[in-house]
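As a plain string of letters, each chain reads:
There are 2 protein chains.
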Amino acid sequence: MLSQKTRYAIRAMQHLADHFGEGPVQLADIAEAQKIPPKFLTVILSELTRSGLVASQRGKDGGYWLGVAPIDISYGDLIRIMRGSLALVPCASRYAHETCKNCVEEENCRTRALMLQVRDKTADLLDGINLCDVVDAEAFAQAAE
Amino acid sequence: MLSQKTRYAIRAMQHLADHFGEGPVQLADIAEAQKIPPKFLTVILSELTRSGLVASQRGKDGGYWLGVAPIDISYGDLIRIMRGSLALVPCASRYAHETCKNCVEEENCRTRALMLQVRDKTADLLDGINLCDVVDAEAFAQAAE
DNA sequence: CATATTGTCAATTGAATTGGTTGAGTTTAG
DNA sequence: CTAAACTCAACCAATTCAATTGACAATATG
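Chains as they are written, first to last, in my numbering: chain A, 1 to 145; chain B, 1 to 145.
What the hints contain is simulated information worked out from the structure, not anything from laboratory work. Computed from a predicted model, the values in this text were never measured in an experiment. Warning: the hint list may mix true and false statements.
Identical copies go unnamed one by one, so any copy, or any two together, can satisfy a pair.
Straight-line alpha carbon distances no greater than 20 Å define the calculated EDC-like cross-link-like pairs of lysine to aspartate or glutamate that follow [stated by the list, open to error]:
#	residue 1	residue 2
1	Lys101	Asp18
2	Lys121	Asp77
3	Lys39	Glu107
4	Lys60	Asp133
5	Lys5	Glu47
6	Lys101	Glu22
7	Lys35	Glu105
8	Lys5	Glu106
9	Lys35	Glu98
10	Lys5	Asp29
11	Lys5	Glu105
12	Lys39	Asp124
13	Lys5	Asp77
14	Lys101	Asp124
15	Lys39	Asp29
16	Lys39	Glu106
17	Lys101	Glu32
18	Lys60	Glu22
19	Lys101	Asp72
20	Lys5	Glu32
21	Lys35	Glu107
22	Lys39	Asp77
23	Lys60	Asp120
24	Lys35	Glu106
25	Lys60	Glu106
26	Lys60	Asp29
27	Lys39	Asp133
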């Protein structure tokens, strides 16, 4: 499951994508439109800003905007940034590999072999959809080809 | 991510599958072979027994065995039993649907639309592999067709 | 029937994670 | 200079997770 924080991050990014090119969007506006506790959103937007996907400006008339074109931000990127990995087990992560605790040797772990495949398929899907896509069944089927 | 408990459950079930038809396998044997804390394993095996996938017998020479043929137990089943759902968000679960807390309306939630597709693809994969399969790249590619 | 062996199960525990807030800054426009 | 914004570390309560404790029930064997 994605954490609440990751879900908030995704909605915040969708909101910024919807207002891309319109100048800074203020945190309070995002919070209200996306039903995110404003103070918690500061934590989330700070993380996203540090990651480089979001740019920000302080002071009066400040706010946030995408630092990267929405077409270049995939859902896979967002989940990797917020959760660290797309995989279901640490040892099946490609970008953030870690050995699982209390496990058998990785080479002959059948669960790992399966989970690597699941991770790759999930990545194909999540990296194939970006913040510009209107996600519906058709768009998705197309992206999955 | 799958919880440690779910990972232990998967390894325990693989172990039982490997010894299917050989009579009861004792908890201590599973625990040792699969590096699972024995007392924790009692909790896990009790849950699996209650689910019907595992049968058990008490007393001397007792133990556990699969109550269902390994070919009829998919990895999807195991994860659903242990974790409740295959989905990344509660509102995208097919068997255990729940509305997400603090979310926008489900009908026009873009995240949900995407996560439903991810769930379905994941289910295709995980339900296509069972405890009889030796999971490797080839077997998997075949199952994914 | 006595006993050792094995599974059952609820309750508890300690640690980590989650979801979120507080509050003290810093930057910027006007 | 000041109000409007973002920044960030520290903190907090509640929940979840991983695992253990300990009392109990069933079964095979002598």
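Hint check, failures only:
Hints 1, 3, 4, 6, 12, 14, 16, 19, 22, 23, 25, 27 are the ones this structure does not satisfy, whereas the remaining hints hold.
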